[in-house]
Structures are given as C-alpha cells and as structure tokens.
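*Asks:* Listed below are the residues making up each chain.
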Amino acid sequence: MSGEIARTDTHADGRPPVLEPGHTYATVTDQISSIVLSRSTPRSWLGGFIVALGLLMVFLYATAYLLATGIGIWGNNVPVAWAFDIINFVWWIGIGHAGTLISAVLLLFRQQWRTSINRFAEAMTLFAVVCAGLYPILHLGRPWIFYWLLPYPSTLGVWPQFRSPLIWDVFAVSTYATVSLLFWYVGLIPDLATLRDRAQRRVPQVIYGILAMGWRGSATHWHRYQTAYLLLAGLATPLVVSVHSIVGLDFAASIVPGWHVTLFPPYFVAGAIFSGFAMVMTLAIPLRAVYGLEDFITLRHLGNMAKVMLTTGLIVAYGYLMEVFFSWYSGNEFEWSLTVNRAFGAYAPLYWSLIACNVLIPQLLWFRAVRRNVPLLFIISLIVNVGMWLERFVIIVISLHRDFLPSAWKMYYPTIWDFAQFFGSIGLFLTLLFLFIRVLPVISIFELRELVHETSEQVED
Amino acid sequence: MTDSTHAFDAQTTVPAGVRFARSGPSYWRSLEEYAQTPEFEELLHREFPSQLDQWNDPIGRRRFLTLMAASLAFGGIAGCTRPPQETIVPYVKAPEEIVPGKPLFYATAMPRGGYALGLLVESHLGRPTKIEGNPEHPSSLGATDAIAQASILSLYDPDRSQTVMHRGAISTWDKFMTEMAAQREKLVASRGAGLRILTETVTSPTLSGQLRVLLEELPEARWHQYDPSARDNVRLGARQAFGQDADVVYSFDKADVVLSLDADFLLAFPGSVRYARDFIDRRRVSSGKADMNRLYVVESTPTITGAMAEHRLPLRPSQIEPLARAIAGRLGIERSASAVKLPAGVSEAWLNAVVKDLEEHRGTSLVIAGDGQPPAVHALVHAINGALENVGQSLSYIQPVEAQPVIHHQSLVELLADMEGGRVETLVILGGNPVYSAPSRLGFADKLKQVARKIHLSEYDDETSFLCDWHIPAAHYLESWSDARAFDGTATILQPLIAPLYGGKTAHEVLAVLRGRTGRTSFEIVQAHWRQEMDDDQFGTAWRKAVHDGVLRAAERIDPSRFRVEASGGIGRRPQPEAQTGSGTVEVEFRLDAALGDGSLANNGWLQELPKPLSKIVWDNVASLSAATAQRLGVENGDVVEITLDGRSLRGPVWIAPGQPDDCLSLTLGYGRTRSGRVGNGVGYRAAEIMPADGARFAVGASVRRTGEKHPISTTQSHHAMEGRDIVRVTMHQRVTDDSQSATPHSDELPSLYPEYEYTGNAWGMVIDQTACIGCNACVVACQAENNIPIVGKEQVAVGREMHWLRIDRYHVGGLDNPETYFQPMMCVHCEKAPCEVVCPVAATVHDSEGTSNMIYNRCVGTRYCSNNCPYKVRRFNYLQYTDETTPSLKLLRNPDVTVRSRGVMEKCSYCIQRISAGRIAAKIENRPIADGEVVTACQQACPTRAIVFGNLNDPQSQVRRLKESPLNYGVLAELNTVPRTTYLARVTNPHPDLPMPAAAELHGEPKVHADPNKAES
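Keeping their order, the protein sequence lines are chains C and D.
So for the first sequence, numbering that gives the first Met the number 0 puts the first residue at 0; every next one is plus one.
So for the second sequence, numbering that gives the first Met the number 0 puts the first residue at 0; every next one is plus one.
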C-alpha cells in the first residue's frame, strides 16, 4: 500500500514531513486498523512472538525458582546487597519515561510529530513499568509480604517508615503506573471504537465494543474527551520529573560514596529520557519496516528523537563530569577513592564502556547524515540502551563493592539466574508488546486523521 | 549415699534432661521404626554393613547445604508432635531449681589435649545451650576460647556415632560386655599378655587410677599414649635440662619482657586462655597502668601471638635454634655458642635490643619456646630463664600434669613395633583417632590389621573405628562424669549436663568392663576415686562443693631451687646438624590448625566456618608460604601444589601469608578427614600424610611442585590494607604517657537534621580495647552460639554471605615480608544516628529507649537497603534458608531466648538484647537499677583478655563510661556522624627505643593520603 504513494524526502520547509503526503482519512484508518483486523499474522510477528514467549518462560521459571529458594540464587552479597535487581528496576523505569514525555509533554507543547509514535511509546511505558515494578517486589527477601510497604491501616498497627526513599518510590511508581495506564487507555478509546466498527467477527466486536465504552464520536464526546485527555496530560507531566527524581533519591538519600550525590535527581531524569528515547527508537525502526509504517513514522520522527537523545545525552555526560568534579572538590577520601576505583578498579572496563556508549558514540548524532541513516540510528539506540544499563551497574555495584571499611570489600559476580531474570524480563516486555501490536492499533488512528486534516490544510495553504 | 541426694548431679536435679535424654534416642528410633518411613530405610542403609563403601565416599562440600537442609536421618516424622505411647507424667511437685525460662549453670570442664578448661554450662530445662568460662577456674577466669565455645555444637551433632558396631554391623553394649567377659578370663590367665591400651593424653586422676589398677592386675598388659597435640618436645626438653619431668607454668602478670621462640602462647598452649588474660593485663594502659610489657616473637608461621608482638621476626623453624644459642651466648650462658653465626635475616640491632631488654629485666622477663621446636631449644630456654632469675618469678615448675608423662611419639612407635611383631592380641583404643592422626609413615592402619581384636571408643564412627572390630560410641564431655586437670594441675570433676543423647559410653565404663566390673556407671567410678582422695567424714560436702565449684586443687609446685640448670650442662652443647629429611629446598612446618586443632572436631560446622585468625580462610587448610617463595615457585593463592617430603607427598592449595619466612611452608593438621561426618569429610588435605616418622614438627628438604590445578579458597576478608584510612588507630606507649591529650584527637560534634534521642533510664554502650584484642575468635563463636547464628558453607562464604554478627577485621601495615598486624572486632556499633534505620521502608530496624538499634525480624521484608547504607557492613542477610530447621538434635541446641531467623531476613548484633532483658527483669524484681557488669554480652563474657567492655553510659560510675573518657577512645568512621555507641581504644604498642617504631603509629596524625584502590582484589 505504501508503495502506491509517492515519497518525498523533504517537506516544504526543508524538513521531512510528519506524515507522508497523499494520505486520506480512509488510507490512514485502513492501513493501521488492518494490522489488527484483516491482515494475516506476519511470519516475522510470529517468529518474534515465539522468541519473546520463550524468554517470558525463562522469566517465569527463574521467578518460580526465586520464590521457592530465595534471592540467594542471585549473586548479591554483603556488601553488594543490590545488584541486577535494582539495576534492572532503574533501567526499566528509565525506559518508560520516553512514553510519558512524548504523550504528555509534547502534547502540551503541541508538537505534531509526536502523533505517530505516542501510542506505542505509551504502551512501551506501560510495559516497562510492569517489568520495573516486578523487581522491587521480587528482590525482597520475603516478597510475599511486599504489601507491608503500602500505607494501609494494618492489624499490625504499624505504618511504613516514611523517611525511607523506598516508600517514596512505592508512591512514585504506583502513581506513575496508574496515570500511564489511564492516559494510554483514554487515548485508545476513539480507536477502540473504530476497531469495533470495522471488526467483521462477533468476538472482536464485543470485546472492542466493551473496551470502547460506548464511544459514538459525537461532538460532546469529543469535547469531553479532549478535556480529559489534556487534564491527564497535565497530570502526567510532573510525573516525568518526579518518578525518576525519586528513584535518584533512593540513592542520593543514602550515605554510600557514589550514591550520596545531590545531582542525582535531575541527572536521573535526563538519563531516563535518554534511555527512553533510545528504546522508542529501538522499537520504532523495526516496527515501521515490518508493517510498512514508513509513511507515518517518518525520518522527521527519527531525527527529532535523535536530537532529544543528543540533548539528554549531553546532560548525562555533564552529570558524569560533575560526579568526578564533586568527588575531587569535596576532598572526601571515600568519595575520591570511589572515583578512582570506578575508573581504574576491577570494574573499570564497565565504566569506560559506559562512557563510550553514553557519551562518545551519541556525539555522532550531531551529524544530519547520521540522523537520517536509519540502520545507524538503530545501532546507536541499542548502544545507548546498553550504556544506560551499564550506568546503573556502575552506580550500584561499583559504589557498594568498596565503601568505607576495606575489610568488608568484596567482588560481585552475577549468576546465571541474574541473567535469566534480566533477559526474562525483556521477554515479558516483548511479549506484551507483540500482543499489543497484534490486538491494538499501534498508531493513534484518530490523531493521524487529525493530522491528515491539518496537513491537507497546510498543502492548501 | 545414693545418687538422688546429690544436688549437683545433673541426672537427679534435671529431670527434664533425663526424661529427654533417656527417652530421646530410643524415642526417635522406635517411632521411626514404627513409621517405616523412607528416611528410616535410608538410615538403616547407612548403618548397614553392606553399604559401608558408601560411607567412605567423601560427601562433597557442595552438597553440604543440601544435606543440612534435607531431612536426612530423622526429618519427616520428628517434625510432627505426637505424644509418646508410654504414659508421661507432668511435674506434680516441680524441682526447686527449675523455673521454665530461667537457665541454670553447671560447672564442668572441657578436656582438650587432656588438659581441662574450666567451664560453666548454661542449661535450659535440662538441655545445655551455651558454654561459658568458670570464673573460679584458674585456666579460664570466666573466659573461654573458640573451640570450647563450639564444642556445644558437637554435643548435638547428628553425625555422632549412635550405636555400638561390631565388624561393621550394628551391635549392642551388652554383646560387647559379653564378649569382653569371655576375653577377660583368657587375659587373666595370661596375666594380660597381648593386651594393649592406647589413650590420648591422660590427666584424669580417675582414669589413670583405673589404668594403674588394671595394669597391676594384668602386669603383662601395656598402656600407650598417643595424642597428636602432645607436647613431646617440651617434655624432652625438660628431661634434657633437668633429668626429670617437670611442667612449666608461666606467670605473665610478672613478666615485663617476653621473648617467644615460635611459641603461640596466646592460642595454642594448654592454659592459653589464662595466659592471654595475664599477658594483656600487663599492657592494659587504658586502665591507667603506667608500665607496659613488651613482646618479642620469633616465629615461622604467622600467629596471633606474632601479631601482638612489638617486634616480630620471621625465621624458618630450623633457624630458631641458632638464634636461641646466640641469645644464650650473649647472655653468657653458653660461652661456646656466642660465636654461633646469626641466621640470615636477624639483625645485630634486633639481637642487641632483645638481649639488653632481657638483661635489664632479670626476674621480670620470660623466654618461651614453642611446641614445634626441638628439645635442645627447650633446654636452652630453661637455662636462659634460670640465668635471668625468672624461675619462681615469671615462671614456675610443677609436677607434670599428665598422669603418666611419656613421649607420645615414642610410645606409639613401641606399640607399633609390638603390633608388627604380633605381640598385640587385643588393642583397646580409648579415644583418639590414630589411623587419621598418626604420621602415615608409621603405617598405623596396616599394622592395625595384625591385631586380632581391636576395640575403639570414639564419639564418631571414624577412620580408626572403621578398621576396628568393635566401635563403642563415646559420650561427649557434656554427657560424662569424669575428671581432668588443667595446665597448672588444678583438678576439676566433670559433671554431665545431659544423659548421653546417643547412648555414649565413657572410657571409665569401658575400663570397668575390662576389669570385669560391668554395670558400673561413670558416676560411681569417679565418685569412688575421689572418695579415696577426700576426707571420708566430710566426703558428701566436699564432693558437692567440688562438683559445684568445678575446681578442686592445684598441683603442688616444685621448689624452683631444685631446678637450677648448670651453665653449660644438659643443654646440648653441640648444635645438632640440621635434620635434612629430604632432598628438596623448602622447609615444612606442621602445626595444629588455629580453628580445628587436631581435627577431632572436624565435623563441627562452627569451627569449619570460623575464619582463621590471620588468613581469614574458612572450610579449608592451606599450605601457607611467603610472597617471595610463591613468586619463585610461580604459584598464586589457591594453586594446588604437590609437596614431597622424603618420598611421600600430598597435594594442597597454597596461600600467601604475609610475614611468613621465605622457603618455608606451613601445613596444618586437623583436615583431610574421610570419616568425620557430613560436615568435615573431604575438607582440606591431611598433613599427617607426609609428617616425618620421628615425630618432628618441622622438616628440612621438602620439594614443591606446581600441579596446575586450582582449588577455590573462601575467605571472609579479601583486602588487607587500611588504604590510609583512619580505622585502627595505633599509638606508642611513650606518647600515651607523655601527652595524653594528643593520642587520639576527639572529633567535634557534627550537626544533624534529626533531633537527639533522650535517655532517661539506661543507655547501653560498648568499648573495645584494641590493645587487648588478640584476635583469638572466642567472641565470634560465642556470639554464634548465643544468638543462634547459622553456618552457610564454603560456597556461600565465597560469595560474601557468612552470617557471623561479629567479625574480627584484620589489617596489615607494611611490607608483605613482615607486616604489622592489627585486629579490630567489628559488629553493629549501634549508631545513635543510624543510617540503617532511616532507610528501612517498614520500620524493621528501630532505636529503642535504651539506645540500641534493634532488628525486628518479624517485620523485615528484606529490601537490604539497611545493609547498603551501613558504613560498617555489619548487617548479615539470610539470602537462603541457612538455619537448619529440620534436624531435631540441632533444635535442642538453640538459645530459647533468641529468635531463629528464616530466609529473607536481615540480622545483626543486638548487644545481646536478651541478656539486657534478663538483667532488666532481675533488677525490676528487686526494684533496683541494673548494676554495672550485671549485663554481659556473649562476646564480652567469652573474651580471654577482657577487651570488650559493655555497660550503661548513663551510669557515671560504670567501667564503660570511664573508658569512653579515655584519650585513646575513638569511634570508627565517626566522621560520618553516625555517633557509634561502640567505640574503640587505640592500639598501644611499646616498641624498644632502639628498634623501629611501628609503621602504623607513624601514619597516625599525618594528613590523609588518598587511597589507591587500583589494586586488584587479592
């Protein structure tokens, strides 16, 4: 279908368009809803889904073994009592950030180009939060009583200890998960109605019908819908900042050298957006290729995301620089010895890999040619994802393995179960994502239709 | 007088114990039999002779945790609560002393290497749970050592032998008695010809009395002794010096200058617990003493004694004799020896300082030779002490404590000759495990086969039992009536705390059978012996008092004037040529292991997991060597080498020990057991494999070959340096006395966001005197026993998950060749501004009204944030289910006052809060404040040197408060504003002015240098 429409590389204003020209309401609706309703399941989807499902099985097996045996199956020890568990938690939470940013903040800033990518970015957020949210529970010594972290009037007569950043985390993450879910669902309603209307068989009709909550597309509906969606966007916007600030405080509120850094909240937020956009890119590029969505997710989108990555990457680089500067400027022997240990200690290769992944390689994005080279962008986005994972390893493990008393210093080595849990959670994420692609419109149909309207106006202008 | 009138007879005053103990084993067995469970099938299989080869398989250490956790022997059914089928009767009139919840303490003693350590054993409703020192006993003065602390675990060891075995088949004590009765007739007829009795060191007056009577009756029989920890060199040295046997008792409280020639007197001597106390009391500057003793140590293997030395000199064991001669020469004892060439590595300045110091302290100096040194060195040392007029002052001579002093090695060789010559028909081995412990060269196992009838009494069905016809399970010392003497001759009557759990018998009972007096109990035998010794009229009172006090009397001291060694007589004028045993280039030293001793307690998990005082290695023995030697051999830590000595070789991992002399390997005994039980089997190598046949404890001429194999070694501390951080403060005695202000600058109060707590009642605090801590580990095991701390196994220690609440950090300062060593006991310091408390999301760790930072196990969900935020890293996490909750016998061991923790829960030192509670309750009942010294933590109580002081900081008179005001007092990492309640007193040393001062003291007060953490973890 996409082949029928002539492509132009640049728009009138010299930039690639956010929507390839020539689309009508019908082509947009057809092309996106057909992924769900009429097209047969592509082999690539099936192949990917099987791989994802396999990884999910690994996750379930690892989790079952974990619950039965205890977290001693991991490599965590004393002094490194947090390792892959919290690294993965922070990594996933960070990934989620791009979705909210794209949906809410860019909506409020009226950035048209967000339209094609916001739906699956939001889905990605949601699934990343699911993965992230599992870790704090699974990493507990006694996960079956995780609800003791919730403030409820318990018969034990004990409230959570509100000075602990972990409690702030509970609030931050659960709020974030709730708002993200609502935002995503509300955004889906008009499209669910479209699917209901276009579904041929009874079962999808009923299911989409229930989910569409009686949407008829009346003007009143649209009016209320717009208000609600804007309000939710307003609600979600501070969460972009708050969630990862609080995750940063998990560390900054401690006294561990390498964690006790006042810079952490903003630096964590920047890192989160950085990794989030990298993940959106990692997912968008194969998606548009497989489903022929190049018209909707254009080079303009990729280029803009690359710019956001470059910007946040520079903020993150500034954070790394300041960490070193503070530890030197403080004159604190523990801080300085941590910095030296990061750069030259046993885990130094990981630190330098982090610098390469997060600071050096993203500098390629300064070049327009790179920003328009889709395969290269894909590779860079993968590298940034790895780099952000390494950043959390550097912060968590390297800081813990050598803190104050040399007698307690110990190396940390992950076990096979650490990896199983990690790759398994990627399986969980991908499985959810594949299911999402299969049963829900990956691109917001009604918003694209708006875009068709607007772009046609522009052409007329 | 019958048993029932003796108030101190555990069997009568502790009915609960009796009820449990008598019905215990049969209860389990009969019920299991009744149940016909697979577990019981397995048990039968294990004990069935056809499966014996299965027993021989060393069970992999990897499987240990699985085994511990699995319900092996008695698991399934013992977990259910079913009333026994017999009628049981509750107390109608409760015995006077038994109050549920209140422990009773009984005096007894632990015989080790024959010598008694006086104990008080805590008993909860008839089950002993904790061992403490007996303050009345001269060998203890209330303290204990690590092995004594751990011995309570062996009492409940499910792997202890539980049945009489005859040629591999289950048999009974009655059958044994029947066979012995038949034998006895033959023996009497032949006047005991062919009967040999082999014991370990015997100090028990009752046992030696029994043996003498038996030998009188059967004059052709022979009594041999062999004990791997026997001190043959000491005995031979005394004979060489005096022409007769004499034991030495040291009075460290009177010694200002101590020179140790390879003598680890702080840990490895009979009486070390007492010696450590006396030695440290002489250097306790914190208590306001003006003077301080000085210790010189010449040693090969680094020991804790060497670590305490002001001046330590590493020498190979064979180099120590020339040095001793040189010192004797300088002191004018052996004129001919003054020309002896000094061994390489001994500087003239060092020797001059030592000699000068010794001469200046005539009568208050002390020279000690180690067990491993040849008799000539001991003779020399006797002469030196005589010349320095120390005899009668800092040391005295007493009648030998051993009932019949023999040269053990010689005694064993004689026995073996008889065995080989077919002159032994019946061999009765009372304790000990010679098949394992005797040097392989002697071929004990082979020669044992030529004996027609072999009887072995032992706690475990061990290597020797396996080769014997009869195996009789021995009673643990806490299950036995017996007696023993301490290092200074003090006799103690051992009373049982519990009836034998597994039907064990004592040596007294076996000997009674040999004498045809079947059916006599140990109690009757021991009491009968003392009835002869004590005044008949008052016997009842005297016996009760003796059993109650746990102390009888000291041996009469020998008049010191009788032991003047002539200036050059009897000290072996000609230096013996170096005993070149093999053709190699390396010297090998054999020592008892610092944690396991001679290996008889190899199945004790607490000892296996006890970090060696210096290397901090657990679950292994290593061949330690110097860094230079390792480099020369091209090996690094954990590389397996083959050590060959005179045709025999063994394989073991090497370990670089800072301070070890070059070209010298130290091997330790006690490991490489094959039939010790599930815990100890297959752990480490067996050093007796290559021990010299002449009984020497070191040998020259071994060769070492790399095998290319690796053996993983687990340690609890992998970093040795303080990295220039202000952790252990070291200062010199002179500085303390000159200028008490500057010793350790107090840091200013730092601001805090959180309000101060107010303490209107008690405020608990602790001070640890690093001058007094000798790193002996007694506190570590005491804490483990008191607080139900599980062991985790080698693999878990390797990943840093050991559970000890109290660890002893060991730091080295200086070069690898001869560094200074500092110990720092580290447990929760109960910060006033505790970083752990703030970050716990569920308030599972909170401050209490008396200032302790408490763990609420039930509330803990296991986020581990507290551990991350603890700068001392003293919190331990149950990563897996470490506590064995299934083995029934181990349930009896647990302290009922302390929660048993499950998987997923954080734990840490609680300042023994259960003891604080007990003290508080006692004080409340009497409506008075808790007195100073009334609440004693487990570590404090066990500490031989009283390095740990605990008490109420709100009490201006308390000792802990006084120590907190000492200028030596400082808080570790106090600059973090944690406001620790446990503070430390700086280590004070007293170096000789002519010799270099300690490097650590030089560091003190200088600006901080940034650490270099670039060093790889080693």
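Because the hints were derived from the structure by calculation, they are not lab data.
Incorrect hints may have been included.
To be verified - Okay, the calculated bits of chain C under chain D, using three or more residues with CB under 8 Å as the criterion: (1) 321-327; (2) 432-438.
As the list claims (entries may be wrong) - Simulated restraints on C-beta separations: (3) TYR146(C) - GLY100(D): 53 to 59 Å; (4) SER250(D) - ILE415(C): 31 to 37 Å; (5) ALA998(D) - PRO150(C): 52 to 58 Å; (6) LYS890(D) - ASN331(C): 45 to 51 Å.
Every residue, glycine too, gets a C-beta built ideally from N, C-alpha and C.
*Asks:* All hints, please: hold or fail.
*Replies:* The hints, checked one at a time:
Judged by the Cβ-Cβ criterion of 8 Å, the segment 321-327 of chain C is not covered by chain D as claimed, because only 0 of its residues qualify and three are needed. Only residues whose beta carbon comes within less than 8 Å of a beta carbon in chain D count, and the segment 432-438 of chain C has 0; fewer than three means the coverage is violated. The given range of 53 to 59 Å is broken by TYR146(C) and GLY100(D), whose C-beta atoms sit roughly 35 Å from each other. Distance hint check for SER250(D) and ILE415(C): the Cβ-Cβ separation is about 60 Å, which falls outside the suggested range of 31 to 37 Å.
In this structure, ALA998(D) and PRO150(C) meet the distance hint of 52 to 58 Å, their C-beta atoms being roughly 55 Å apart. Separation of LYS890(D) from ASN331(C) is about 49 Å and conforms to the stated range, judged on CB atoms against 45 to 51 Å.
Checked against the numbered hints above, the structure violates hints 1, 2, 3, 4; every other hint is satisfied.
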